[in-house]
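Protein chains in written order, with the UniProt record's numbering: chain V, 1 to 194; chain X, 1 to 194.
Since the hints were derived computationally from the structure, they do not count as laboratory data.
Hints may contain errors.
One copy or two, either will do: identical chains are not told apart, so a pair holds if it fits within one copy or between any two.
As the list claims (entries may be wrong) - Straight-line Cα separation of at most 20 Å, SDA-like style, residue types lysine to any residue; simulated pairs:
(1) K19 / V170
(2) K99 / H152
(3) K10 / A76
(4) K88 / D114
(5) K19 / K88
(6) K175 / R46
(7) K122 / F16
(8) K175 / Y106
(9) K121 / H43
(10) K19 / D95
(11) K121 / M164
(12) K99 / N9
(13) K99 / D192
(14) K93 / P15
(15) K165 / N81
(16) K88 / L176
(17) K88 / E160
(18) K165 / S17
(19) K165 / A22
(20) K168 / I41
(21) K175 / G44
(22) K10 / S42
(23) K168 / R73
(24) K10 / R73
(25) K168 / E130
(26) K161 / T13
2 protein chains.
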Amino acid sequence: MRGFLIVGNKAVTKPFSLKDLAGSAGRMDIICRCIAQALFISHGIRRDVEVYVLLLGEPDPPKALKIVGSEVRYMAPDERNIGGIIRKALSLKVDYSWKRSTPGVYIARKNLIDLLEELSKKYNVVYLREDGVDIRDVACRLENPLFVLGDHIGLREEDEKTVMKYAKIVVSVSKLSLQADQCIVIVHYELDRC
Amino acid sequence: MRGFLIVGNKAVTKPFSLKDLAGSAGRMDIICRCIAQALFISHGIRRDVEVYVLLLGEPDPPKALKIVGSEVRYMAPDERNIGGIIRKALSLKVDYSWKRSTPGVYIARKNLIDLLEELSKKYNVVYLREDGVDIRDVACRLENPLFVLGDHIGLREEDEKTVMKYAKIVVSVSKLSLQADQCIVIVHYELDRC
């Protein structure tokens, strides 16, 4: 299994306009692209992938999404389609256990610690940061990795401290500062080559 | 310089609805993602990149777009923003020379041969196809490469023959069949490491 956990610092926690994913929805466009790049290949979905998203924007944070590649149906890789799926999940009343919204898509009231407690039982947490070890040197040794990465803002200092308590390793995918979804493509690429 | 030429087999050649990039606009979502991944890094644009797009959809094909990284302003990486920029270019009356639409964005009436004749003077044409040589073995030897790739359909047989007349090399980025924009991310990644 491969897992990804994306932290959306501003991503809103109520239904939003699909016309303004990058604005009033709190850079939900980034979240949509991350989900697409984690799940899709050409004409297919990676069934061995799970994507988790932590939504920290107003008005009702935190909320978490879980997208299970092996269960997903009726999803297309464009931002608007994935945005619509997230919006639908955000229309549900949440509690602390995962609630199914559409096939393969779940939502719950969870914060970063909740998520890492749950996920570190089945995954080895890998923190993606520019100053980490070169992914090329370690990709083929990563078993059941969960890659944690931030949106355009990165991770807040307190969240980074939390992640570092769970992370087995800090890994870098480029000396350039890349967009989160680009990091995901590169992670898949290096792991696919193993 | 790095160039990319993306062939949009169904991408429409008139202004389209931003609500339906993936449908009635002829998979314009793929074109938008390719442009974004070719140009953007985190909080910046790659100034040494040019992107060319061949639009072959109805009602008025062929049309070609040129996007010059060193000149681009007011562009964001989300599909809707780039879709709006393409739509604006498609509202212009075109002829055989490049006409500027917005900063760094040009449009003209050109077919695949026109484009390759023009671009092969300044670039070495590289055709991206799954059965090519491994990009990792050749990335650092590619000078001024222009990477040619198709959308979800790939290249039509006759277009592939045309490209092969100009291509110096056929290169593969993965044994998996990836999406066009994912191929672009990987190309940049391998070239950035050189």
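Comparing the hints with the structure gives:
Taking the shortest alpha-carbon separations for K19 and V170, neither the intra-copy value of 36 Å nor the inter-copy value of 39 Å comes in at or below 20 Å. Taking the closest pair of Cα atoms, K99 and H152 never come within 20 Å of each other, the shortest separation being 28 Å inside a single copy and 34 Å across copies. Only between protomers do K10 and A76 lie at most 20 Å apart by alpha-carbon distance; the minimum there is 17 Å, versus 24 Å within a single protomer. Proximity of K88 and D114 under a CA criterion of 20 Å is satisfied in neither setting, with 23 Å inside one chain copy and 46 Å between copies.
Within a single copy, K19 and K88 get their C-alpha atoms as close as 15 Å, and across copies as close as 17 Å, so both meet the 20 Å cut-off. In this assembly of identical chains, the alpha carbons of K175 and R46 lie at most 20 Å apart only when taken from different copies (14 Å versus 27 Å within one copy). Taking CA atoms no more than 20 Å apart as the test, K122 paired with F16 passes in neither setting, with 32 Å inside one copy and 45 Å between copies. In this assembly of identical chains, K175 and Y106 lie within 20 Å of each other by CA distance neither inside one copy nor across copies; the values are 34 Å within and 32 Å between.
With identical chains, the CA atoms of K121 and H43 are never at most 20 Å apart, being 32 Å at best within one copy and 35 Å at best between copies. For the homomeric pair K19 and D95, neither the shortest alpha-carbon distance inside one copy (28 Å) nor that between copies (32 Å) is at most 20 Å. Taking identical chains as interchangeable, the C-alpha atoms of K121 and M164 lie at most 20 Å apart only when both belong to the same chain, with a minimum of 16 Å there against 51 Å between chains. For a Cα distance limit of 20 Å, the shortest separation of K99 from N9 qualifies neither inside one copy, at 22 Å, nor across copies, at 40 Å.
Taking CA atoms no more than 20 Å apart as the test, K99 paired with D192 passes in neither setting, with 31 Å inside one copy and 42 Å between copies. For a Cα distance limit of 20 Å, the shortest separation of K93 from P15 inside one copy, 12 Å, qualifies, whereas the shortest one across copies, 40 Å, does not. Taking identical chains as interchangeable, the C-alpha atoms of K165 and N81 are never at most 20 Å apart, the minima being 35 Å within one chain and 38 Å between chains. When the C-alpha separation of K88 and L176 is checked against a cutoff of 20 Å, the pair qualifies neither within a copy, at 35 Å, nor between copies, at 32 Å.
In this assembly of identical chains, the alpha carbons of K88 and E160 never lie at most 20 Å apart, being 29 Å within a copy and 42 Å across copies at closest. Taking the shortest Cα distances, K165 and S17 never come within 20 Å of each other, neither inside one copy (36 Å) nor across copies (47 Å). Taking identical chains as interchangeable, the C-alpha atoms of K165 and A22 are never at most 20 Å apart, the minima being 31 Å within one chain and 42 Å between chains. Taking identical chains as interchangeable, the C-alpha atoms of K168 and I41 are never at most 20 Å apart, the minima being 28 Å within one chain and 27 Å between chains.
In this assembly of identical chains, K175 and G44 lie within 20 Å of each other by CA distance solely across copies; the values are 14 Å between and 30 Å within a copy. Only between protomers do K10 and S42 lie at most 20 Å apart by alpha-carbon distance; the minimum there is 17 Å, versus 30 Å within a single protomer. For the identical chains of this complex, K168 and R73 are neighbours neither inside a copy (33 Å) nor across copies (41 Å), given an alpha-carbon limit of 20 Å. For the homomeric pair K10 and R73, neither the shortest alpha-carbon distance inside one copy (27 Å) nor that between copies (24 Å) is at most 20 Å.
Taking the shortest alpha-carbon separations for K168 and E130, only the intra-copy value of 16 Å comes in at or below 20 Å, while the best inter-copy value is 34 Å. In this assembly of identical chains, the alpha carbons of K161 and T13 never lie at most 20 Å apart, being 24 Å within a copy and 50 Å across copies at closest.
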